[in-house]
Amino acid sequence: MGFITPILSASTARAASTTMSLWESMKPPEDISVHGNLIDWLFGYTTYMNIFFFALVCAGLFGFSWFYRASKHPKAYYTYGNKKIHVIVATIIGLSVFIGIDMNITRMSNDDYVGVFANWPTEKENPVKIQALGQQWAWHFRYAGKDNLFNTEDDVVQLNDLRLPIGRKVVIQVLSKDVIHSLYFPNARRKVDAIPGRLTRLWFQPTKAGNWDIACAEMCGTYHYRMKAHLTTYSQEDYAAWLAEAGEKALQENDIENPELFWGWKWQW
Amino acid sequence: MAFFEQHIHSEPKTFLSKYVFSFDHKVIGKQFLWYGILFLGIGGIMALMIRWTLAFPGQAFPVIGNLLFPETGGVVPPDTYAMLFTMHGTIMIFYAITPILIGAFGNFLIPLQIGARDMVFPLLNMLSFWLAFISGVILMASLCIPLGAAAGGWTSYPTLSTLIGSPGAGQTLWTLALFILGISSTMGAVNYITTIIVLRAPGMGYFDMPLAVWGLGLTAILNAIFLPVLGAGLLLLIFDRVFGTTFFLAGAAATSGTGDPILFQHVFWIFGHPEVYILILPAWGITSDLLSFFARKPAFGAKATALAMTSITILSTVVYGHHMYTTQMSPLLTQSFMTLTMTISIPSAIFFANWLGTLWKGSIKFPTPMVFSLGVVFVFGLGGLTGLYLATVTTDLYLHDTYFVVGHFHYTMAASVLLGGYAAIYFWMPKMFGKMLNETLGHIHFWLTFIGLNGVFMGMMIVGYAGMHRRLYNPFVYDFLERLIPLNTFVTYSALLMGVAQFFFVANFIHTVFFKKEKATDNPWEVGTLEWTVPSPAPVYNFKEIPVVKCGPHEFGNPNLTGDRDYQFQTEELV
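Taken in order, these protein sequences are the chains called A and B. Counting along the first sequence from 1, when you hit position 116 you're at 116 in the numbering used here, and nothing is skipped either side. Counting along the second sequence from 1, when you hit position 306 you're at 1306 in the numbering used here, and nothing is skipped either side.
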């Protein structure tokens, strides 16, 4: 019986998610960042190249197995494969894979990384600045507050609840309190490890208002799977309204006697 | 290096000296084979428990669930889940695949295929097995202690693997077990390298060795160089856990001192990336040989294949950084590691071309070892190509630590090596045990395994691309992953199919070894390498007369051959 109940429950689960086709459910979650499409595009490009080369491998594998099976082709062709033409063909295959896909995607990926993902917003661009602290098993987020300085008493500190405006660059500096975590925004196609004693950072620019998941991607203990935070993206006006309200609340409620509250650090450009 | 001839050992008389503390490389190989198959079973059951939890969260694991987890009514609890995937990874890599391919076939094949009477250091060889045995006992014992076994993933990154993240003794025992296993494998590696250098039969140049020996030799070189690196990292980890040092502790977590948890990742992956090739090189070598043996024509570009494997061995030592992109590397480093990683595809493409070249215009037969070898070509093709997404830094930012990675490395390390290992078992069974495995059961085993594993690992890559990250007890607490329940169920059913398929193998293997009466002939596959010139099963001394090698290992279909043989033994002059 133990074997059968899961089948039944799986079918009810399937009925619950019928709103989404199988093909839809195999795609990555909705992209809400300006540059997430670069990653999706490169993935797609690599996939097409891979399909092409894997089709060649399969053609050889299945084709030769069929055409040269012993019953049809009893006498094998005696060759060591060291004739000039053989060496040339093997070299061409090697180089076409290397130049055709590898160097191609390496160049594109590198351009994207240097030009976008590791091209950190400068002070002049006035990005939204967030400090994130991972701990077993929660994410803390810190906004600078009115004085635009971190680790002061007017900081807005959120637990598992990050709110960001759309249309502005967001820079998040990440640190961990205990073990290594990884701040993962599936909808922005981005993640960065949160490491004790070493500051890492990540930036993206949200484009869509809505509610999304933030996850921890690096194994961090038993309740790793529960280390889930919530991302709310607002329009700029809504964000400003929320931040003003949260700032007021923080000024009233922040207990400046509590050293635990001041886990932040000086912002490093 | 001058060749020397080992004298003929006297046959061991007592049970202990014959089957337990044996110096004979063939017996040690068989010991490693049993050891590996046992752990393969344990690791496989763990994998099924992991899959069960992912597809049917909160439901009791069938049959043995109530026995193992009585306090939760048979449901895998979250802390046990973490132990399961940690132990699954550790066991499969270090206690199943390594013993089967390197321990069993390394030991069994190297002396037989190069025309030696035994390994050059038989005592070291025996010690290598018994250290591995002790290590396995320690690892299994760690499952039974309070707080349970290690639960930080097989990579065991600090600071999770230090006292901050895992207070129990399980993690210490895990570290100790791997350290001891590292010593065991290093002993084996030194032995293999020396044997290949000094004990090749007269007349046998390096390019006259079968490609299996090439693969095993290159693996041994990597093992000898990089296992000590892992050992160093593990030793420091033991210091951090037991003696209160802070090599890997930093920041808020450190009570004093300023270590760096990333240091461990560097040390681990300097070893960890070559480890992938340590596992796969023997399978490549065996596959290259078997394709030629059953296509009945010489291995296409055998020299190029050997050199390609060598260059991959060298390249594998300088690409480890691609495991650490998300720890925020400077673009200068990502560029270098990306380019170096991509370079590996040149030698890979060359030996893929050579494998297909071997099949081209052959006269192909399809006994079980051959279908498994063809399976290796298929799954390694998929595994290799999907590595490209993870080598490019931007796609890796999204895919890192998702099931895409899990699917990818299972294709390269698990699927290819498993199929390669099975090919080897089916092929050398007559020489090891003097009997042939059943062909029909073998083909059923292959097809079920092959369909099952593609379902599992392809499914994993799809859910990974859809965003599901690794090591989650219940992924469906995330809204964006709820849609993946049906796919996860599919993966689990595929895994069950794969599990069921292994019963065909176990039944076949046990029946053949213990109950089958029918003896195999000396050379059932009609192959010319040296191990097939001696009786089946191979006698204690292997070769009464040390053979003199006169031609290469893949002499098939020579048009000058007269008579009804289409192959030549390596001891015969090329016609």
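None of these hints come from the bench; they were simulated from the model. Some hints here could point you the wrong way.
Derived Cβ-Cβ restraints for the label pairs, each shown as a range [what the hints assert, rightly or not]:
hint, chain 1, residue 1, chain 2, residue 2, range
1, A, Met103, B, Lys1544, 24 to 30 angstroms
2, B, Lys1303, A, Trp23, 24 to 30 angstroms
3, B, Phe1366, A, Met20, 40 to 46 angstroms
4, B, Leu1332, A, Lys266, 50 to 56 angstroms
5, B, Pro1539, A, Met103, 41 to 47 angstroms
6, A, Met103, B, Thr1258, 55 to 61 angstroms
7, B, Ser1017, A, Lys228, 56 to 62 angstroms
8, A, Asn104, B, His1511, 20 to 26 angstroms
9, B, Phe1021, A, Trp23, 55 to 61 angstroms
Here the structure is a predicted model, which is why all the values come from computation and not from measurement. Quick reminder that beta carbons are idealized off the backbone N, C-alpha and C, glycines included.
List of violated hint numbers, smallest to largest
The structure conflicts with hints 1, 2, 4, 5, 6 and 8, although it agrees with all the remaining ones.
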